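Protein chains: 2
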Amino acid sequence: MKPKDEKKIKEIFHATLKLVKLNGLAGITMQSIAKQAHIATGTLYIYFENKEKLITELFNECVKKSTSTYFTNYDPEAPFKVGFRTIWENMFQYRINNFEESIFIEQCFHSPFIHQDTKLAAKEMFQPLVKLIERGKKELLIKSLETFCILGFLAGGMSEIIKRAHYFDKKITRPMMEETFLLSWDAMKA
Amino acid sequence: MKPKDEKKIKEIFHATLKLVKLNGLAGITMQSIAKQAHIATGTLYIYFENKEKLITELFNECVKKSTSTYFTNYDPEAPFKVGFRTIWENMFQYRINNFEESIFIEQCFHSPFIHQDTKLAAKEMFQPLVKLIERGKKELLIKSLETFCILGFLAGGMSEIIKRAHYFDKKITRPMMEETFLLSWDAMKA
DNA sequence: TTTTTAACTGAATAATTATTCATTTAATTT
DNA sequence: AAATTAAATGAATAATTATTCAGTTAAAAA
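Residue numbers (the working numbering), protein chains in the order written: chain A, 819 to 1008; chain B, 819 to 1008.
These are computed hints drawn from the structure, not numbers from a lab.
Check before you lean on any hint, since a few could be wrong.
No copy is singled out in the list; a pair is fine if it fits within one copy or between any two copies.
[Said to hold, decoys possible] BS3-like, lysine-lysine: derived pairs with alpha carbons at most 30 Å apart:
1) Lys937 - Lys882
2) Lys899 - Lys871
3) Lys869 - Lys989
4) Lys826 - Lys853
Just so we're clear, the structure is a prediction, and the values are computed from it rather than from any experiment.
Use the sequences and the hints to build the structure in full.
This is how it looks when you write it as structure tokens:
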């Protein structure tokens, strides 16, 4: 009895992310994934029931992995700015180092593959950050704007900087990162 | 001789935008576009050579329409903040009122339909804004961070706020808009 | 070593989707 | 009002892509 090769799932995921970064969700086929992962098309179906399941499982994997990273070393008891800085830096680093995943998640949100419940579950994982922002508003440290505005602004801004850095092939240096943190902080600051 | 019905192009574009908003670029088919536009599939090919051409032409149309709106009433001679405010408000309003187009353009950037030269041409249309930001830096009014960071942050933040407003079905009020402008302004301010 | 069994293969099939085309319809010209 | 011609139609065809499956391979058990 030959056992399932768990490394293959990683290779399939890796291949999918690479192709989505290259051509978008609209550009991937099961054949291209198989080829990129150096396996036969049929093998994909041993690991995943179908294309939709493959995408959905990868999506959930990415969301789980990324959000759990976002909150490592985060202490909800620490002062607001300390907590915010921790999460902010975790996000920034993660998205730079895992650019393909970020692109993939973004694409999934506007695709026929990911259903509403999956999206909601993903959103749910950001609760600690939502709570933190609300605490910041209570403590009068940040603007009293609706949380979705503040968070959207910060998250969208960060994503876009990282995207442009990749496309224009710019290196993000430590001082640039500090300046970028200031963009976020000054924006939200009361 | 029956003349081409120019209104049909509008209907086709409109149908495509609606479907892309709903299901993403990965979710549209020529049949679904035709159906949504209340025409026969074959008719699509009278107006557009093929699917890629349809998408590319719609993309160019959207980019042209949106960027030209962004710079209406913009006076490059006016003080920095006045000019910035004009463009910022034009963008904000346009994206709220033409949400589908914004989503479509975003999706196109990561798709197999739009080629590099088309993307570059689109980027080129933002030159006046790039110039303005660079002027703001020279006048020491805003942070001396690379322009792509500042612009990316502002544009990404704005997009994401508007996206979340749509998905969570939030109305963006005038005071909210003012507060949102402050997010951008405070972020970039020196 | 032999047997067993599930992974693996990739060509074959099924399903979907892009594109074409013979036919019909309706503006315009004569 | 008849003739002309290009738009419009939608079923047929072509192309692409998802999925299956009969046969092969290799790990584990006997």
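Evaluated hints:
When the C-alpha separation of Lys937 and Lys882 is checked against a cutoff of 30 Å, the pair qualifies only within one copy, where the shortest distance is 12 Å, while the shortest distance between copies is 32 Å. In this assembly of identical chains, Lys899 and Lys871 lie within 30 Å of each other by CA distance neither inside one copy nor across copies; the values are 40 Å within and 50 Å between. For a Cα distance limit of 30 Å, the shortest separation of Lys869 from Lys989 qualifies neither inside one copy, at 35 Å, nor across copies, at 36 Å. In the homo-oligomer, the alpha carbons of Lys826 and Lys853 lie at most 30 Å apart inside one protomer (13 Å), although the nearest pairing across protomers, at 41 Å, exceeds that limit.
The structure fails hints 2, 3 (numbered hints given earlier, in ascending order).
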